[in-house]
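Student: Note that the protein sequences, when read in sequence, are chains A, B and C. Using this note's numbering, the letters of the first sequence map in sequence onto residues 1 to 355. Using this note's numbering, the letters of the second sequence map in sequence onto residues 1 to 96. Using this note's numbering, the letters of the third sequence map in sequence onto residues 1 to 375.
Worth flagging that the hints you see were computed from the coordinates, not collected in a lab. A couple of the hints might just be wrong.
As the list claims (entries may be wrong) - Here are the simulated PhoX-like cross-link-like pairs (lysine-lysine), alpha carbons at most 20 Å apart as the crow flies:
#: 1; chain 1: C; residue 1: 250; chain 2: B; residue 2: 8
#: 2; chain 1: C; residue 1: 108; chain 2: A; residue 2: 78
#: 3; chain 1: B; residue 1: 30; chain 2: C; residue 2: 125
#: 4; chain 1: B; residue 1: 57; chain 2: C; residue 2: 250
What the hints assert, rightly or not - Okay, the calculated beta carbon distance ranges per label pair:
#: 5; chain 1: A; residue 1: 148; chain 2: C; residue 2: 301; range: 46 to 56 Å
#: 6; chain 1: C; residue 1: 129; chain 2: A; residue 2: 173; range: 35 to 45 Å
#: 7; chain 1: A; residue 1: 227; chain 2: B; residue 2: 67; range: 41 to 51 Å
#: 8; chain 1: A; residue 1: 154; chain 2: C; residue 2: 79; range: 36 to 46 Å
Backbone N, C-alpha and C fix where the C-beta goes; we use that ideal spot for every residue, glycine too.
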Amino acid sequence: MAGLKPEAAPPDAAPRVRFRDPQIEMAHGAGGIASRRLIEGLFAPLLFGSANQPLGDSAALKIAGARLAITTDCFVVKPLSFPGGSIGELAVNGTLNDLAVSGARPESIVATFVLEAGLPTEVLEAEVRAMAEAARRAGITIVGGDTKVVEHGQADRMYITTTGVGPFLEGVHVDPRTVRPADQVLLSGPIGDHGITILLARGELDLEADLRSDTRSIFPLVEAMAQAAAPGVRWMRDPTRGGVATALNELARDCRLGIHLSEESIPVRDSVRGACELLGLDPLHIANEGQFLAVVAPEYAEMALNALHQTDGGEEAVMIGEVHQQPAGSVLITREYGGSRIIDMLVGDPLPRIC
Amino acid sequence: MCLAIPGKIVELFPGTPHLATVEVAGVRRKVDLGLLQDDLPVSGDWVLIHVGFAMSKISEQDALDQMQTLRILGEDEQAMQEVRGYGLGLEDRKPS
Amino acid sequence: MRFVDEFRDPEVVTRTAEEIRRLADPGRHYRFMEVCGGHTHAIYRFGLKDILPANIELIHGPGCPVCVLPMGRIDDGLILAQQPDVIFAAFGDMMRVPGTQGSPLEHKARGMDVRIVYSPSDALKLAKTNPDKHVMFFAIGFETTAPSSALTLIRAKAESIRNFSLFCNHVTIIPAIRAILDSPDMRLDAFIGPGHVSTVIGCRPYEWIAQDEGKPIVISGFEPLDILQSIVMVLRQLQAGKAKVENQYKRVVSWEGNRAALRAMAEVFQLRPYFEWRGLGFISQSALRIRDNYAECDSERRFSVPGVRVTDPKAAQCGEVLKGVLKPAQCKLFGRECTPEHPVGALMVSSEGSCAAYYNYEHRKAMATSLAWPA
Chain A
1 MAGLKPEAAP PDAAPRVRFR DPQIEMAHGA GGIASRRLIE GLFAPLLFGS
51 ANQPLGDSAA LKIAGARLAI TTDCFVVKPL SFPGGSIGEL AVNGTLNDLA
101 VSGARPESIV ATFVLEAGLP TEVLEAEVRA MAEAARRAGI TIVGGDTKVV
151 EHGQADRMYI TTTGVGPFLE GVHVDPRTVR PADQVLLSGP IGDHGITILL
201 ARGELDLEAD LRSDTRSIFP LVEAMAQAAA PGVRWMRDPT RGGVATALNE
251 LARDCRLGIH LSEESIPVRD SVRGACELLG LDPLHIANEG QFLAVVAPEY
301 AEMALNALHQ TDGGEEAVMI GEVHQQPAGS VLITREYGGS RIIDMLVGDP
351 LPRIC
Chain B
1 MCLAIPGKIV ELFPGTPHLA TVEVAGVRRK VDLGLLQDDL PVSGDWVLIH
51 VGFAMSKISE QDALDQMQTL RILGEDEQAM QEVRGYGLGL EDRKPS
Chain C
1 MRFVDEFRDP EVVTRTAEEI RRLADPGRHY RFMEVCGGHT HAIYRFGLKD
51 ILPANIELIH GPGCPVCVLP MGRIDDGLIL AQQPDVIFAA FGDMMRVPGT
101 QGSPLEHKAR GMDVRIVYSP SDALKLAKTN PDKHVMFFAI GFETTAPSSA
151 LTLIRAKAES IRNFSLFCNH VTIIPAIRAI LDSPDMRLDA FIGPGHVSTV
201 IGCRPYEWIA QDEGKPIVIS GFEPLDILQS IVMVLRQLQA GKAKVENQYK
251 RVVSWEGNRA ALRAMAEVFQ LRPYFEWRGL GFISQSALRI RDNYAECDSE
301 RRFSVPGVRV TDPKAAQCGE VLKGVLKPAQ CKLFGRECTP EHPVGALMVS
351 SEGSCAAYYN YEHRKAMATS LAWPA
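Extracted from the complex, chain A is given alone in its bound form:
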């Protein structure tokens, strides 16, 4: 989701819509450049006003003196169920993770369901059970929701929207504008598992691999890192649609600095790598549902990494790069022998290629 901090001004009297595409395409939902244009060019001016601020994963509310984070997300996935999880789990974990990377403790969720007429009840029940289990595992409560049913042929069986709230963690203040050269970039674990699992589960490409979605709540990891290094944590993001490349490009644009990554340090499982090589995809553009990126001040980076290593599920965390002045607004990946390339945001959905 995209949200504002409480200091934002109310919407303009005459908001300027800059979005010029005549119709909505799949690319606008892919999480890359087109998505950003839609949000910045249509939603933001009409809903958020003229505040020229970076958009984060949650919005911050001030209600009766308390600062709360609030986030919302919608889940559309085909197939509904796949190795490692299902839409229900994605819905709960995805929202929790948005709160976590905003520096907040997830507390409660409300959920809405758009169901397609003809959906077998056992499918719905399985998803609701999955949500209950994911919530229980994460220690949060699901406190309400709504349901609508639409005609057969709409809604791809089931869409779930979740809204989550929680208080900000003590001492954690994430904002891309606080990022400085020499800050370190941390990644919690191997990338590409979720997106490739989904691609394979669709069965259109006839590939098989022992892969599972990485969907999980990353809050325990964020909490551990915050306890060890809160003052040094500048920015966090969960690289979902659009992958690590898109998340870091957004950061680079928001902080107007250059992000340098070391290609060899980025962890990718063999089978993700194999599938990407076969299909001509780049793991950096593939969605993740159980990982996060953090930018940490250099004097806190070691502490942050150690805290992750000592937490269940954080053993594979690594430093993958560093912030520099140049190339401002871009992400540069360098190989051990010195060759480098700029890695861009995702343009449209990642498409397999043969050339």
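Use these hints to put chains B and C onto chain A, whose structure you have.
Tutor: Coordinates of chains B and C only, in the frame set by chain A:
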């Protein structure tokens, strides 16, 4: 035109000799061996895969030879530098 | 990954780059053309330009089968697919290529049944599982891909699959190289030859380049060490005043090529008298069409093709960039009307197109380092 990946034949199908399962870093796909029908690969062979078809067998020997040639590249130069160091006035046409 | 990782070994890459620096004559400016779009992609992906000396210039050739397809052929294919109960199947590479009424993906958004396939045999399978529809496979590619299309049609005929046809846009590499060498604006020292096309056609078809034109050509693989070693081999030839065809990609390319693949192609395809190439104009004997005895698998004969001819917008200089005469940034539309997000020509869409590669790599670097970031 270009994206072709090395994969290992891990399964053959006696009923359909032109089909095989190939594995690339743990990812498996069925490929068509029809273009290699003059010299069909066997289980364990490595082949080059492009758009679901095996284009060529991969010669392990040629790959090893190539790596050997490349590794020697630098060593030749090191040997040359030692010889130059003896100050025998051997001209070096190549820029250092 | 076996047969991949060894050829990316950073230490050996560094040493090979040093050898290139030793071999390159500092008083000379070298112009090598890599013909194949896959090499263009690899050069950018592996950052190879960073480790080559400044006096070696790599010129991108026209070996990108998506880039050389005139827009009219895309329109033709999409018009054919608009018939009722037709499924349009194509490789992912084609999905964002713009026709005059939009790209295949945009047509999909408007309700056309468009499917991405990884293999022509997957398209044939679609036909088998959708007996009440007709599957039209939009086939592209040079000689690397044509044999797979051919074999698929042979199988379709053998299994009497009636609801499948191929819209054939296969082109051949030699006429493209000839067009480059015939171009008066081109000054090249040598070629880095296409690796995967050569697994099919072998090395013999390139002999005229060395013998008649006097240019060295080294058939190269696609890993960093393959490309760097090929450059070493080219430099050695130039130094010795030689010009011959050499095979760097020995582990998969043989001198004779793949006979079974060539047989399959000959059974199913014949050369068109001429075919229009984007930017290069009409070239004779440069493209394939389906033989009469496979006519029922030929989309152009199952349906009537409008034969749309679309000229590129005057300002778009796809042709000159394709030939290597212009650098992408010299095209007037580059970075303005034409970007990867809203491409005007295929060179900006295809992941191997020189414009896309240049935009994503050098252009962004140049913009970021030389200009103040725009507010």
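Student: Tell me if the straight-line CA distance from residue 108 of chain C to residue 78 of chain A falls inside 20 Å.
Tutor: Holds, at roughly 17 Å.
Student: Take the C-alpha atoms of residue 30 of chain B and residue 125 of chain C, compute the straight-line distance between them, and say whether it is at most 20 Å.
Tutor: holds, 13 Å
Student: Decide if the proposed pair is consistent with the structure: residue 250 of chain C and residue 8 of chain B, CA atoms, cutoff 20 Å inclusive.
Tutor: Cα-Cα ~18 Å, so holds.
Student: May I ask you to test the hint 35 to 45 Å on the CB atoms belonging to residue 129 of chain C and residue 173 of chain A?
Tutor: violated, 55 Å
Student: Residue 154 of chain A and residue 79 of chain C, beta-carbon distance inside 36 to 46 Å?
Tutor: Since residue 154 of chain A and residue 79 of chain C have Cβ atoms about 29 Å apart, the given range 36 to 46 Å is violated.
Student: Verify the CB-CB distance for residue 227 of chain A and residue 67 of chain B against the hinted window 41 to 51 Å.
Tutor: holds, 48 Å
Student: I want to verify a distance hint. Is the separation of the beta carbons of residue 148 of chain A and residue 301 of chain C within 46 to 56 Å?
Tutor: Holds, at about 50 Å.
Student: Residue 57 of chain B and residue 250 of chain C: Cα distance at most 20 Å?
Tutor: holds, 11 Å
This entry does not satisfy hints 6, 8, going by the numbered hints stated previously.
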